[in-house]
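Participant: Protein chains in written order, with the working numbering: chain V, 1 to 461; chain S, 1001 to 1260.
Treat each hint with caution, since some may be false.
As the list claims (entries may be wrong) - Calculated lysine-lysine pairs in the DSSO-like style (CA-CA distance at most 30 Å, straight line):
hint	chain 1	residue 1	chain 2	residue 2
1	S	Lys1257	V	Lys90
2	S	Lys1257	V	Lys223
3	S	Lys1003	V	Lys90
4	V	Lys39	S	Lys1257
5	V	Lys90	S	Lys1194
6	S	Lys1091	V	Lys223
7	S	Lys1257	V	Lys225
8	V	Lys17	S	Lys1194
9	S	Lys1091	V	Lys27
10	S	Lys1194	V	Lys86
11	S	Lys1257	V	Lys86
12	S	Lys1257	V	Lys27
13	S	Lys1257	V	Lys17
In case anyone wonders, no lab produced these hints; they're calculated from the structure.
Here the structure is a predicted model, which means the values were calculated and not measured.
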Amino acid sequence: MIDEIVLRVENLSKTFKIYPSAAGRVKEWLTFGRRSYHKNFVALENVSFEVRKGDFLGIIGPNGAGKSTLLKIITGVLEATSGTYKTTGKVLSLLELSGGMDADLTGRENIIRSAQLLGFPEGYVENRMEQIAEFAELGDFFDQPLGVYSSGMRIRLAFSMFAFLECDVLILDEVLAVGDIFFRQKCYARLEELIAQHTAIILVTHSTGTVRQYCDDVIVLDKGKIYYHGTANESIQKYFEIKKDQGIKISISDTYVEEDFVPETKRLQEKKTATWEWPVDSAFNENELPTKSENERTRLMYLSVRDEQGNPCRVFQQGATACFYFAYQAKKNMGIPIAGINLFTVKNLLIHSKNSIQLNAEHPRNVKSGDIIRYKQLLKLDLAPGSYIFNLSLSAMHPSDFDDKENFSVAEFKEKLIHVIGIKPAGAIEVISHAQNQTIGLHGGICNLDGELYTQIVLAQ
Amino acid sequence: MLKNLYTYRRYLLGSFWTDLRYRYAGTALGFFWVIINPIVEVIIYAVVFSQIVSIRSGGGKGISYVLFLTSGLFPYLAFSQMISRGSNAIKSNALYMRRSLVPAEVFVFKEGLLTSFSFLIYLVLLIPISLVADNPITWQAVLMPVFAGLLLLLGFGMAIPLANFRILFPDLGEIIPVLLQLWRWTLPVMFSDKNFPTWLRRIMSLNPPYYFIRAFRDVLIEHRIPPMEAWLSIGFWIIAFLLIAQLVSRWLRNEVKDLL
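Same shape as in the complex, but just chain S (with noise of 0.2 Å):
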């Protein structure tokens, strides 16, 4: 598979900037695009839950709820993103899969590569939110970009398979969006989990995102590296859902293509 990706290196990033330069470069407002859908979500729950429900989040009040809130969001949409465009990737580069021999993870990758261009706005955006609420950036910061990489990496193994399945099963195309729905509330995305009783905690932390979405706070409120269950956690799940990728590619290479 990274022989792959290493062989067409020269497709990725030619085609990497031109889908930039494409998608917004021909609209008006150009890269406002990308984050103005997170920045919409995150007002909404700012104010359902910081003003109106006012359950107990976990993650303070006002705009230190903000800084919470984004800090988690942020990172799970941009894996979600690179979930529902990756396990889209084969279909929507059919034309191309049909007629050359590249392989399917080069698409997926490239999706991958457009979402961490959005991933990298997130961070960038969290940095006057911080200073906003008063959250002093220490050097534990810096890891947040290796966090987002992870991240990615995690959702570029998922996305594989369900890339995969996708064209065997076209219903796949509208069972994802959906799950993606449910999946963000099953982490502590909108809520902290630090007052749930210690089982809950256990379970929700089988969860493969959970310690990635831990981290970002880690390293951005708490101040501190994440503890080594995060990074086993983190680094099983990796490997775990490449080796599953490689798996399912394979078996399901030729029937995904004699379909398209």
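This is chain V alone, in the form it adopts within the complex (with noise of 0.2 Å):
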């Protein structure tokens, strides 16, 4: 089994000298390193892998975790502080690739100069370059200076050579975020062909969609330390407690009923009766307020996203409910105000949208200035797993319409909801696979619509 590892990194280490000036390094050297001028930079600390034959291994984490550095070393580009890292094999990057074209050349030469960077002998990717061609789909444009290229045409000649150079570990970035979706979907199906061809890969990627569906193997970098490592959905739950919670963790214990939450009930019509729980507010985290969360008329004070059990949680699984804990501070008097959830996709395609009236909740009436209302609004993710985007906004209705807005029709009630606030985008959740249902899925397309399906069977006579 031990021959399988074609990569393995040990307590890898990166350090880089800061110095403040070019004078600082003059000083350094005059002084025989007797003294420092400069600071350490940690970029990676004591990261350990492996990666195997055919594997596909994953790579996340916020800006600056130190993923391009790990990278950088594993290609040799960069020495390694301190550890050791191991190859058994040829490992090619497409890091920076398209970056690195000469814009005079034309796709051809281009692929001739890179491979001779690289390394490849003569005659290696002459003789590939019309499955290189062929795969970029760059007609005419293969042989025409790649200053005419737009950018995704430059990232499609990169990935085509690249995809076509042998090699036992290749590295590929976020350059496949880019690009149309068919070329895409290309990409993906000759990386799964590499793969079957035991060639490893390794790719360093924001979207955590990729990740989930190619990566068997994924590693979470923060700050240059491996964060989490393991299968590719816990480590996007992992990736999204660092992105979500910067330091501050909220623990269940502070989350708890408050006492006095009476006075806020006094001006609620009594419709329904059920009490709910607020968390203290002290359990809200900044970090979860969207940056423009205020206008003249109100404020959004406060805005959680929980699990069942009241967790802070932006990740879900299909079919699991979110909690949405918002509260708004009234900056003007605003009669009766309505608040809603708007859910889109990423492509912005909006998937549900529903408000206090037609979820018939409990509306306060005469809200004043300096009043706060607080809301919780349940959403049960019956949803294709993907990221989701989420909107609030706020409308407001005169008391007296609102009592009569049976009687009105749609123009009428559009025209007296008075708007108060929208904010777009209020934040981001993320919907992952449901843990049994990996290989069939619970559904397809965006939604689980709820349904049923008998079934009869006529045998031939």
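With the hints in hand, could you dock these two chains into one complex?
Facilitator: Structure below.
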């Protein structure tokens, strides 16, 4: 089994020396290093992992987590400060590739040039040129200078070349996030072919969707360390934890029922009697608030997305219920406030929108400037795995209009509705596939619609 | 270092040709740009030294001064081009350095190849100048390309450490051109040191490019093979600077790459 390992990284660390100015370096040299004028910046700390033949390893992490540094060390561009890595075979990296091409040369010449830089023997790419050209689908552009290419075309060229250079470990980065969807599909199909031929692939990306779809094994890097190493779904959960918390972690014990909830309910219509729990204000993390959450009419004071147990959460399994806690402080008197959440796909397709009227919720009356209105809205996320964006909106209505709302036409109703604030976007959530149904999936398409299927068979005579 | 150059020989030749093609083929006057700068310099110096100032340059008057001047100035210009472009090679190829394993000396060497092309044109220019100045071209002149190659090798050895330092100390980018201007006056390029006192000539001969510059005039104008001391000095400096280049690039390789 040991010969299957194509890359072994052990306790890799990298420290950059940061000099405030070039003069600092001179001074340090003049004292023969006895006095130090630099600061150390630790880009990587004790990173260890292994890659086997045919693995598809994903590396995710926030910007500045050390992903590029790690890959540069593996490809040999940078030298590690300590630790070792061993490769048994050729490592190729597509990092920054499209930026490193010569605008004067044609696509064909650039491929030859790059192969020379990468140390491939003479005639190697020449023999594969037709395959590369066909894969890139650049037509006549293939023999035109790169200067006339669009950025998407450059990436096509770069990827096509790398897809046909033999290597044992192929490192790819964000490049696959751009380009049109058909080409992207083709790229992934080609990657599957490579994996079948036992090429190991390391993918560095921000796209959790890609990672979930392709990677067996995912490393989450944060601040130069391996934050988590495991399956795609677990790692994505952890990745969102980093992004969400950014230092401040909210544990379950912080959330409890606030005893003196009563004053707020005074102005509520007595429609529903069930009381509900609002977490203490200190349990809210300011990082969850969107940047633009205020106008002259109101201010979004609190926002937190939680799971059913009340723990802050932005990653949900399919079919789980997300609890949106949010509170507005009115800056003007606004009569009856009407709140709602709109859920969109990444491509800005509205999936669901429901406001407090549609939900038949209790509505406070005569909200005065300075009042705080708290909401808890539940959404059952019967959705396909993926990222979703939610908006928050608040409108208001005069109490007499509100009482009369059943008698309005659609147009009249809209006219009576006063816009207070629309927060676009207010945040993002991630839906991950249901653990038990990963192969078949719970459903296709975006929504899981309730339904049943009955079967009969009429046997042939 | 030699091994690296050999490994990337195909890249070196390939990019040398494409650089030549795009640097000159795209411009209206093409290869004319290679010679226009030295010719302007020659005209200025010829007018200033042999007509206006009329000091004892030791190189004769009129056209014979032009021959004397060009046989020293052309090599020096090629040498300084090698240093200034070579010392900038890492910076200008940072894009490639950042993502590939190609060692820095390959890029410096490529600048050397491009400079050797200009150098070749300069040497060819010396033929008509020589003929007009009534200076017969004898068999010794075949050594000129050899000296050209050796001079560029010296420049290559000097440029590698400079190219590394240039990344660590960006100020060098401004300093190097100034030094190259000043350096010219410490060498017998525009004037002859024949009539200088012996002690001064001794000191001047310690300057690494001194014997290189002299060698061109030895073979072209004085029709003689340079003396033994010249060969020794030339060999010594080339070996010394190539060694320094090797040591410096090994010492600074990681630090430079971290900064790119």
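Participant: If a hint holds in the structure, say so; if it doesn't, say that too.
Facilitator: Results for each hint:
Pair hint Lys1257(S) plus Lys90(V) holds up; C-alpha atoms about 21 Å apart against a cutoff of 30 Å. Proposed proximity of Lys1257(S) and Lys223(V) is supported: the alpha carbons are some 21 Å apart, at most 30 Å. The straight-line distance between the Cα atoms of Lys1003(S) and Lys90(V) is roughly 20 Å, inside the 30 Å bound, and the hint therefore holds. Taken as a hint, the Lys39(V) and Lys1257(S) pair is honoured in the structure, with Cα atoms around 17 Å apart against an allowance of 30 Å.
For a cut-off of 30 Å, the pair hint linking Lys90(V) to Lys1194(S) is broken: about 60 Å separates their Cα positions. Restraint check for Lys1091(S) and Lys223(V): the C-alpha separation of about 29 Å stays at or below 30 Å, so the hint holds. A threshold of 30 Å between alpha carbons decides the hint, and for Lys1257(S) with Lys225(V) the separation of about 22 Å falls inside it, so the pair holds. Straight-line distance between C-alpha atoms of Lys17(V) and Lys1194(S) comes to about 52 Å, which puts the hinted pair past the 30 Å bound.
Taken as a hint, the Lys1091(S) and Lys27(V) pair is honoured in the structure, with Cα atoms around 23 Å apart against an allowance of 30 Å. A hinted pair counts as satisfied when its Cα atoms are at most 30 Å apart, and Lys1194(S) with Lys86(V) does not qualify at roughly 62 Å. Note on Lys1257(S) and Lys86(V): the hinted pairing holds, with a Cα-Cα distance of about 21 Å set against a maximum of 30 Å. With a C-alpha separation of about 21 Å, the suggested pair Lys1257(S) and Lys27(V) falls inside the 30 Å cut-off, and the hint holds.
Distance check on the hinted pair: Lys1257(S) and Lys17(V) sit about 12 Å apart at the alpha-carbon level, within 30 Å; holds.
Of the numbered hints given earlier, the model fails hints 5, 8, 10; all others are met.
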